[in-house]
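Add chains B, C and D to chain A, keeping to what the hints say.
There are 4 protein chains.
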Amino acid sequence: MAVQVAVCGPAKCGQREWDLAHELGRLLAERGAVVICGGHGGVMAAVAAGARSRDGLVVGILPGPDRSGAGPDLSVAVATGLGQARNSVIVHSGDAVVVVGGSWGTLSELALAMRRGGVPVVQLGDGWRLVDAGGRQVPGVRHARTPAEALDLTGLWA
Amino acid sequence: MAVQVAVCGPAKCGQREWDLAHELGRLLAERGAVVICGGHGGVMAAVAAGARSRDGLVVGILPGPDRSGAGPDLSVAVATGLGQARNSVIVHSGDAVVVVGGSWGTLSELALAMRRGGVPVVQLGDGWRLVDAGGRQVPGVRHARTPAEALDLTGLWA
Amino acid sequence: MAVQVAVCGPAKCGQREWDLAHELGRLLAERGAVVICGGHGGVMAAVAAGARSRDGLVVGILPGPDRSGAGPDLSVAVATGLGQARNSVIVHSGDAVVVVGGSWGTLSELALAMRRGGVPVVQLGDGWRLVDAGGRQVPGVRHARTPAEALDLTGLWA
Amino acid sequence: MAVQVAVCGPAKCGQREWDLAHELGRLLAERGAVVICGGHGGVMAAVAAGARSRDGLVVGILPGPDRSGAGPDLSVAVATGLGQARNSVIVHSGDAVVVVGGSWGTLSELALAMRRGGVPVVQLGDGWRLVDAGGRQVPGVRHARTPAEALDLTGLWA
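Order-wise, the sequence lines are chains A, B, C and D. Heads up, the first sequence stops at 162 in this note's numbering, and the numbers go up one at a time, no gaps. Heads up, the second sequence stops at 162 in this note's numbering, and the numbers go up one at a time, no gaps. Heads up, the third sequence stops at 162 in this note's numbering, and the numbers go up one at a time, no gaps. Heads up, the fourth sequence stops at 162 in this note's numbering, and the numbers go up one at a time, no gaps.
Okay, chain A solo, but in the shape it has when bound:
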C-alpha cells in the first residue's frame, strides 16, 4: 500500500498557508503518497487541490455524519459523524503528520499525533509554538520552512 501522510491545518487560512499547503500536496502526489486531511476548507482544501493537480489520491475525514461540506478535490470522503473526535482518526491514518498554520483544531491534531507517538510530526511554516513553564520550547515537533523540507523531515523518503 502507498505511503499515507496526514496534513492538518485551519479551515480558514491566509495566502501564505494556502501556498505552502498547495505545494505540499503537489509534492506528496508526485511522490505517490496518499494525502489524508480533514476534508474542509483552508489548508485542507489547499493540500487537496495541490495533490489533485498532480492526480494524487486525497481522502477527507469529515466531522459530520454525511458528505455535505466535502471539498471538491477529495477522491474519497469519509463521513465520521464524530465531530472533532475525527481529528484522532486523521492523525492515526498517517505514516507522518504535517501541520500548517495555527488554530485550536490544528493544535489538537498536533498534540494527538505526538500523543500517538512513533510517527514523525512536522510543523511547516509559522504556526503556534509550545513553551514550558521555564520558557523553553517543548521538544518533539520538527520544524520546516518549505514543503520540500517538511517531506525530508518526515524521513519517509530517506
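Some hints could be false.
Since the list can't tell identical chains apart, any single copy or any two copies may satisfy a pair.
Unchecked claim - List of simulated lysine to any residue pairs, SDA-like, C-alpha gap at most 25 Å:
#1 K16 - A137
#2 K16 - A53
#3 K16 - R58
#4 K16 - D136
#5 K16 - D130
#6 K16 - P143
#7 K16 - A148
#8 K16 - R133
#9 K16 - R149
#10 K16 - S72
#11 K16 - W161
#12 K16 - G139
#13 K16 - G45
#14 K16 - G159
#15 K16 - A162
#16 K16 - L160
#17 K16 - G121
#18 K16 - E153
For the record, the hints were derived by calculation from the structure and aren't laboratory data. Note that this is a predicted model, so its numbers are computed, not measured.
What follows is chains B, C and D alone, placed relative to chain A:
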C-alpha cells in the same frame, strides 16, 4: 466526487459469501464507485479483491490505531483506533450500504445504517433476518440474490 | 467500584416497555448497580426514572456534543458528540447489557454488545428476534420475561 | 442536574500537580460539582481522590474497551474503546474544563476544549504555554495559580 458504497460482512466467510462479495466489488469498480469496507478479511477482503481486479478504489476503515492488519487490496487504510465504533464511520460514508453474510459485527452495521436513515440498505444473499414479536419480518432492508440485483436495489444507477 | 449495567431501548416506547424498564431501573438501584443508558426518552428515560426513584446512580451517554436533550433523571450526562457511535460506548461500559424493545438503534446496541463478547446480553420482553437463513433463532442472546428474571440472567448476582 | 467540570492532566505527575489536582477535586465536590476525568493515574487519580474525600461523584472516561485500568476513586467508569478520541468526550462533558500540568494528551484536551468553544477553559499551575509566530501568548485560555482561583475563573459559581 464518485459514488461511494459501503460493503459490510464478516471477517470470516464461506465460499458463497466470498464469491458474492468479490463479484459485487468487481461490479462496483466497473461502475466507478468507491468501495468503503472494514479493511480486514472475509467479506471485506473479497469485496476489496474484486474491486481491485477492476482497478477500483477501495478504502478500509480499520478498528485499530494503526495500519497493521490492513488487507492487501486496499487503496487507502483509515486507522481509526475506535474499535467497533468504527462501524458507524463505515455506514455513514456510503451512499448506500450492502451487507453480505451474518455476524454480530455485520448486524451492527446493518442496524446503524438503518438507524442513520436516508440511504438504501441492501442485504445480499442469505444473512440473518429480523422478525418482530409476532413473527413478521421487520421491514426496511432490501433483499438481493445477486450482486447485480443488489446494485439495482441501491437505486444509485437508476 | 459498583456493578454497572447498560440498559438500551428505543427513544419512543409503549406502556409495556416503559413499565419493564422502570421496574428494571428500580431493581438495579436497589442492588446498588449503576445504570448506564443513552440519556434520552422512552426506555432510556424509564430506566432512569426507575433508578432515581430508589436513589440510584444513572449515567446518560448522549450522542450530541453538549448536554442539551439530557433527561431529567440522569445523575451525570456524558456528551460524546459521536452520534450513534456512542452506542458502542454504552455497551462497553456495562458489566452486562439489557435491551428492552425493538428499534434499529437498540438492535445496533444488542449487536455491538454481542460483538464485544464476554458480557451477558439479555433481551427483556418482546423485542426483535434474529433468525438465520434456515429460520432458526440465532443463539447467544438470553431472553427474560420480567425485570427480575433479566437480572438473574446477567449472572452478576449469582 | 449538577454542574459538571472536566479536569485533565498527565497520567504521570509530580507532587505539585498532584496537590493542585487533589485540592481541586475537594473543592469541586464541596460545591456539588460532578468531576469528569480520564480515569487513569497522575492528575486524573489526584482529582478523583480529592473529590471522593468529600463524597463527590467522579466519572472516569477511559480510552480502553473495558474497565481495566480504572482508578480506585471513580464512582463510574465509562469504557469508550475509542483510544485518545475519548479526549473529545471528556471535554464535551464539562460545563468548564480545567487542565493541570503539561503533556501531549493534556494539550490535546485543552485544544479540543478551545475548539469546542462556549465553555471556560482554565489552566491551573505551570503547564505548557502557547505562543504565536511573533512570540505573543495565544489568547483564550485563563490562567489560575490556585484551585480556588481556577473555580472562580470558570464563572460557574459567580
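Against the structure, the hints come out as follows:
no.: 1; hint: K16 - A137; in the structure: between (30 Å within a copy, 17 Å between copies)
no.: 2; hint: K16 - A53; in the structure: within (15 Å within a copy, 39 Å between copies)
no.: 3; hint: K16 - R58; in the structure: within (23 Å within a copy, 38 Å between copies)
no.: 4; hint: K16 - D136; in the structure: between (28 Å within a copy, 16 Å between copies)
no.: 5; hint: K16 - D130; in the structure: within (15 Å within a copy, 31 Å between copies)
no.: 6; hint: K16 - P143; in the structure: between (27 Å within a copy, 18 Å between copies)
no.: 7; hint: K16 - A148; in the structure: within (21 Å within a copy, 31 Å between copies)
no.: 8; hint: K16 - R133; in the structure: both (19 Å within a copy, 23 Å between copies)
no.: 9; hint: K16 - R149; in the structure: within (20 Å within a copy, 34 Å between copies)
no.: 10; hint: K16 - S72; in the structure: within (18 Å within a copy, 29 Å between copies)
no.: 11; hint: K16 - W161; in the structure: neither (30 Å within a copy, 35 Å between copies)
no.: 12; hint: K16 - G139; in the structure: between (29 Å within a copy, 21 Å between copies)
no.: 13; hint: K16 - G45; in the structure: within (6 Å within a copy, 37 Å between copies)
no.: 14; hint: K16 - G159; in the structure: neither (29 Å within a copy, 30 Å between copies)
no.: 15; hint: K16 - A162; in the structure: neither (32 Å within a copy, 35 Å between copies)
no.: 16; hint: K16 - L160; in the structure: neither (28 Å within a copy, 32 Å between copies)
no.: 17; hint: K16 - G121; in the structure: between (28 Å within a copy, 17 Å between copies)
no.: 18; hint: K16 - E153; in the structure: within (24 Å within a copy, 34 Å between copies)
The structure fails to meet hints 11, 14, 15, 16 from the earlier list, while all remaining hints are met.
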